[in-house]
Amino acid sequence: MKSKFSPDKNGYFGQFGGAFIPELLYPNVKELEDNYIQIIESDEFQTEYKSLLKDYVGRPTPLYLAKRLSEKYGAHIYLKREDLNHTGAHKVNNTVGQILIAKKLGKTKIIAETGAGQHGVATATVCALMGLDCTVFMGEKDIERQAPNVARMKMLGAKVVPATSGSKTLKDATNEAIRYWIQNPETFYLIGSVVGPHPHPDMVARLQAIISEEMKWQLKEKTGKENPDTIIACVGGGSNAAGAFYHYMDDEDVELIAVEAAGLGVNSGESAATSQLGEVGIIHGSKTILMQDEYGQIVEPYSISAGLDYPGVGPLHAFLYESKRAIFMNATDKEALTAAYELTKIEGIIPALETAHALAVLPKMDLKKDQVVVINLSGRGDKDLETYIEHLDK
61 MKSKFSPDKN GYFGQFGGAF IPELLYPNVK ELEDNYIQII ESDEFQTEYK SLLKDYVGRP
121 TPLYLAKRLS EKYGAHIYLK REDLNHTGAH KVNNTVGQIL IAKKLGKTKI IAETGAGQHG
181 VATATVCALM GLDCTVFMGE KDIERQAPNV ARMKMLGAKV VPATSGSKTL KDATNEAIRY
241 WIQNPETFYL IGSVVGPHPH PDMVARLQAI ISEEMKWQLK EKTGKENPDT IIACVGGGSN
301 AAGAFYHYMD DEDVELIAVE AAGLGVNSGE SAATSQLGEV GIIHGSKTIL MQDEYGQIVE
361 PYSISAGLDY PGVGPLHAFL YESKRAIFMN ATDKEALTAA YELTKIEGII PALETAHALA
421 VLPKMDLKKD QVVVINLSGR GDKDLETYIE HLDK
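If you're matching positions, the sequence shown starts at 61 in the numbering used here and goes up one per residue.
Check before you lean on any hint, since a few could be wrong.
Think about it this way: if two alpha-carbon atoms lie no more than 20 Å apart in a straight line, the pair counts; the simulated PhoX-like pairs of lysine-lysine are [stated by the list, open to error]:
#1 K110 / K169
#2 K214 / K169
#3 K282 / K429
Hints were generated in silico from the structure; no laboratory data involved.
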């Protein structure tokens, strides 16, 4: 789908994007750039991709009218149930697509980065499915707080490599993955979000677009029209939001709300609210908005959520922010926890901590009784139970 929010021929969304990479990686990135669209748009790919999404992943995911949540906030609130995908999050939409691309390019060794562990699990899952070698880089801190997902990756046959530098979280895992990729350029880097050098942000957005593709016909079926009034999604790097927004970006009547992690507060020094705290810079191979000090050094992000503590945002989202096409809001750790407990108690759904940030902005919004709101419920909360239990009585 060609859109004014699609990248140009050099991989730029407005001023953001591009490919700032070492010379050793140029052949890999160029190979992918030359082939990804042709592969994705081929009948062979689409047939296999859609078949796996249906029979292996479990798509389409339901669009669920959360009646009690709707009653509380005075609007029609639908949840796009990405938590019901195989592996428990939206991440598998992307890994299924990328593993097919990797195979088409003749790659046999796969590397990935992960924060909350959901992308690592989804990558390990498709590597097991296809019989490919898998190495996942994960921050040492995230390994500790996402132990169930680490166990799942190892059970699936992946090698989990800890990142021990910096804040020992997602940024550092990505650093280590890129270092390894430079030293082993024959590997395929199965990146987990709409970040990194072109064409990765566009490729991941295209693969996650299945979310909004389904939303359109599901909304038509349930409400009589394809468009909601508002779509809300959490944003770290931003792949679930990119998928939820994708087919609506050119329709100005649909309000797009991206929710970042404010941590202990936007101005607390312990935050990951990139749009509020960041400036234009380069991280992990692309020009975007990122948190940095006066010398251009990356400021360590913080969030209770392992999937949102990233110091930058994908270049597509940077463009959506700069162009004011999307409204960027944020939620603190406390607000996210409150929202998670609320959804659990009134709808019987335990959301991932990442998703809880999207839910947390509902009390801050002036919702109307006829307003149709879709929240992308990007993942389930099994992986976060230890954190939830720790804060349950506080």
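Would you mind confirming whether the straight-line C-alpha gap from K214 to K169 stays at or under 20 Å?
-> Between K214 and K169 the Cα gap is close to 16 Å, so the pair holds against 20 Å.
For the pair supplied as a hint, K110 and K169, is the alpha-carbon distance within the 20 Å limit?
-> 24 Å, violated
Satisfaction of hint between K429 and K282, Cα-Cα up to 20 Å | 17 Å, holds
Violation of the numbered hints given earlier is confined to hint 1; every other hint is satisfied by the structure.
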